[in-house]
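Undergrad: Spelled out from the first residue to the last, the chains are:
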Amino acid sequence: MLVLTGISKSFGGLQVLDAVTLNIPRQGIFGLIGPNGAGKTTLFNIITGMLSPSSGSIEFAGRHLNGMPAYQITRQGVARTFQNIRIFREMTLIENVLVALAERSRYSALHMLVPSSGYREAVAIERDSALELLGRVGLAEKADRMAETLSYGEQRRLEIARALATRPKLLLLDEPAAGMNSAEKLLLMDEIVKLGDGGLTLLIIEHDMRFIMGLSSQVAVLNFGRLIAQGTPEEIRANGAVVEAYLGSDDEVQKQIGKRS
Amino acid sequence: MEWLESFWPTYSTLVLSVGTNILLALSIYLTLSCGLLTVANAAFMGLGGYAAALLTMTAQMPLWIGVFAGGLLAALVALVIGRPTLRLSGVYLAMATLAFGEVVRIFILNAEQVTGGALGLNGIPQLTRWYDVAVAVALILYLLVRLAGSRVGRTMAAIAQDETATELMGLNVRAYKLFAFVSGAGLAGVAGGLNVHFTFFTSPNEYGFERGVEILAMGVLGGTGSPWGAVIGGILITLLPELLRGLGHFRPMINGLVLIVIILYSPKGLWHWLRFSRSNSAPRRV
Chain A
0 MLVLTGISKS FGGLQVLDAV TLNIPRQGIF GLIGPNGAGK TTLFNIITGM
50 LSPSSGSIEF AGRHLNGMPA YQITRQGVAR TFQNIRIFRE MTLIENVLVA
100 LAERSRYSAL HMLVPSSGYR EAVAIERDSA LELLGRVGLA EKADRMAETL
150 SYGEQRRLEI ARALATRPKL LLLDEPAAGM NSAEKLLLMD EIVKLGDGGL
200 TLLIIEHDMR FIMGLSSQVA VLNFGRLIAQ GTPEEIRANG AVVEAYLGSD
250 DEVQKQIGKR S
Chain F
0 MEWLESFWPT YSTLVLSVGT NILLALSIYL TLSCGLLTVA NAAFMGLGGY
50 AAALLTMTAQ MPLWIGVFAG GLLAALVALV IGRPTLRLSG VYLAMATLAF
100 GEVVRIFILN AEQVTGGALG LNGIPQLTRW YDVAVAVALI LYLLVRLAGS
150 RVGRTMAAIA QDETATELMG LNVRAYKLFA FVSGAGLAGV AGGLNVHFTF
200 FTSPNEYGFE RGVEILAMGV LGGTGSPWGA VIGGILITLL PELLRGLGHF
250 RPMINGLVLI VIILYSPKGL WHWLRFSRSN SAPRRV
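Top to bottom, those sequences are chains A and F.
Quick note, the first sequence lines up with residues 0 to 260 if you use numbering that gives the first Met the number 0.
Quick note, the second sequence lines up with residues 0 to 285 if you use numbering that gives the first Met the number 0.
Calculated from the structure, these hints are not laboratory results.
There could be a bad hint or two in this list.
[To be verified] Derived DEER-like restraints, expressed as beta-carbon distance ranges:
1) S88(F) x S9(A): 23 to 29 Å
2) L78(F) x E120(A): 32 to 38 Å
3) Q71(A) x A110(F): 39 to 45 Å
4) M252(F) x S9(A): 52 to 58 Å
5) A123(A) x L246(F): 49 to 55 Å
6) T148(A) x M252(F): 38 to 44 Å
[Said to hold, decoys possible] Pairs of lysine to aspartate or glutamate residues, derived as EDC-like cross-links and limited to a Cα-Cα distance of at most 20 Å, are as follows:
7) K141(A) x D127(A)
8) K267(F) x E147(A)
9) K141(A) x E183(A)
10) K267(F) x E89(A)
11) K168(A) x E102(A)
12) K168(A) x E58(A)
[Stated by the list, open to error] Where chain A lies over chain F, by a calculated footprint (3+ residues, C-beta under 8 Å):
13) 144 to 155
14) 168 to 179
The C-beta atom is built at its ideal place from N, Cα and C for all residues, glycine as well.
Could you build the full structure based on these sequences and the hints that come with them?
TA: Structure representation (structure tokens):
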């Protein structure tokens with residue numbers, strides 16, 4: 000569904016991504032892990048059109064996304080959440096979701112300016128679908144609260160509801176479980192599994208290994224901008240290069256110990 | 000009704016100014032509600048004012064054709080300069096639009112054959128009646144209140160809060176910004192056209208930096224959350240100097256002081272304060 004071929008990105012002299020080639024199949028949950036600074040979020044930014052790659056091509060559902068403005072990419076069916084939560088804080092929850100529904104509402108400018116029963120009906124339908132989306136992440140009863148009053152975990156769930164409102168085929172979640180307690184994490188895992196069963200393809204960045212290994216059918220590992228491994232969670236756990244990326248090699252450990260003594 | 004007979008000749012200009020200033024405040028509201036800090040509205044007002052005055056003076060056109068043409072001219076110019084300048088944001092956008100405003104003022108100053116240069120235009124027919132202004136304010140306020148409650152208004156508020164997140168909801172942020180900028184400019188042009196037809200005289204200096212900042216102050220003081228905020232701001236900025244007339248030399252100082260106090264205690268604008276101060280962050284319904 001999403002095919003990345005030779006994606007590289009450098010900021011000045013800093014090579015953040017180096018020829019990343021990745022094929023994400025339709026339907027299912029795909030994990031993306033790697034130490035801090037490995038380039039995971041940069042990859043998300045490139046897929047969603049917030050950044051353009053220095054080289055390489057992005058293909059989604061058979062269409063090239065290179066050079067496409069970000070809002071067009073969303074309309075193709077790619078949605079995301081953000082590592083540093085970006086909800087509309089000074090809006091109510093339902094307004095947050097309604098913003099994301101706006102692109103697909105089909106009432107014309109004239110309808111907005113003159114009240115009519117058709118307009119009111121369209122607005123009511125939109126409100127209903129926004130409430131339904133909030134219900135899916137368990138926030139329906141807080142629909143008319145200001146978004147800034149939500150807890151951290153709730154804000155992340157609101158972001159997911161808002162992303163779902165754009166009717167994505169591929170949903171990118173950037174550290175969805177960060178800052179959540181274990182009960183919230185379990186609920187979130189449930190929700191993500193349901194989304195995957197509903198036919199959505201998910202690509203998830205997450206540092207919580209139990210969370211990501213438990214969810215994903217496939218995991219890819221980035222380290223210093225390079226893809227160092229890809230496979231099932233079991234394969235990844237057993238992969239020497241991955242363990243080294245996270246914990247350092249024996250040599251380095253020896254050196255560290257040597258320095259200290 | 001006797002008081003009206005003496006009131007109207009004395010205060011008609013002030014009452015009409017309140018009306019045109021409300022229109023100007025609404026014009027800056029459009030861009031501010033998108034989070035765009037532009038100060039070109041004085042220039043757009045000038046373009047509209049000059050275009051309308053020239054049409055009624057030299058071609059004897061009726062007021063509304065002149066006013067409409069003035070608004071249209073301002074909107075077209077905004078369309079041309081909006082594409083490149085709206086790539087900027089924050090203070091850089093303010094600086095670019097400020098420079099554009101100066102260009103317009105200097106252009107009017109130098110196009111002497113048409114505009115009368117520094118001497119301005121004299122003897123503009125006094126065609127604007129109170130009901131012209133009232134109809135314009137009522138109509139535009141109605142449209143903007145409807146707009147604010149619609150998905151377009153909601154999208155504009157979202158852009159003001161987080162542009163990137165809005166874009167990633169599949170919304171063409173640049174198109175919305177351009178719409179706000181162009182319609183704001185057209186509205187300022189209409190206000191300019193109405194304005195010159197009751198002031199009898201106009202000159203380039205009326206559309207300089209000071210006017211630009213004054214318009215901005217109306218928008219910010221009233222609050223950008225609702226068109227009603229702009230109405231409050233427009234009325235306040237127009238009437239405050241009149242109310243303080245008794246203070247003589249101290250007037251500008253006290254005037255400035257009042258504005259500072261308002262901004263300090265109600266940074267989101269008077270409308271927000273009036274609406275939310277008592278029912279502290281009460282839930283809102285859509």
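Undergrad: Hints first: check each against the structure and report whether it holds.
TA: Verification of the supplied hints:
no., hint, result
1, S88(F) x S9(A): 23 to 29 Å, "holds, 25 Å"
2, L78(F) x E120(A): 32 to 38 Å, "holds, 34 Å"
3, Q71(A) x A110(F): 39 to 45 Å, "holds, 42 Å"
4, M252(F) x S9(A): 52 to 58 Å, "holds, 56 Å"
5, A123(A) x L246(F): 49 to 55 Å, "holds, 54 Å"
6, T148(A) x M252(F): 38 to 44 Å, "holds, 41 Å"
7, K141(A) x D127(A), "holds, 14 Å"
8, K267(F) x E147(A), "holds, 16 Å"
9, K141(A) x E183(A), "holds, 17 Å"
10, K267(F) x E89(A), "holds, 12 Å"
11, K168(A) x E102(A), "holds, 16 Å"
12, K168(A) x E58(A), "holds, 14 Å"
13, 144 to 155, "holds (count 7)"
14, 168 to 179, "holds (count 5)"
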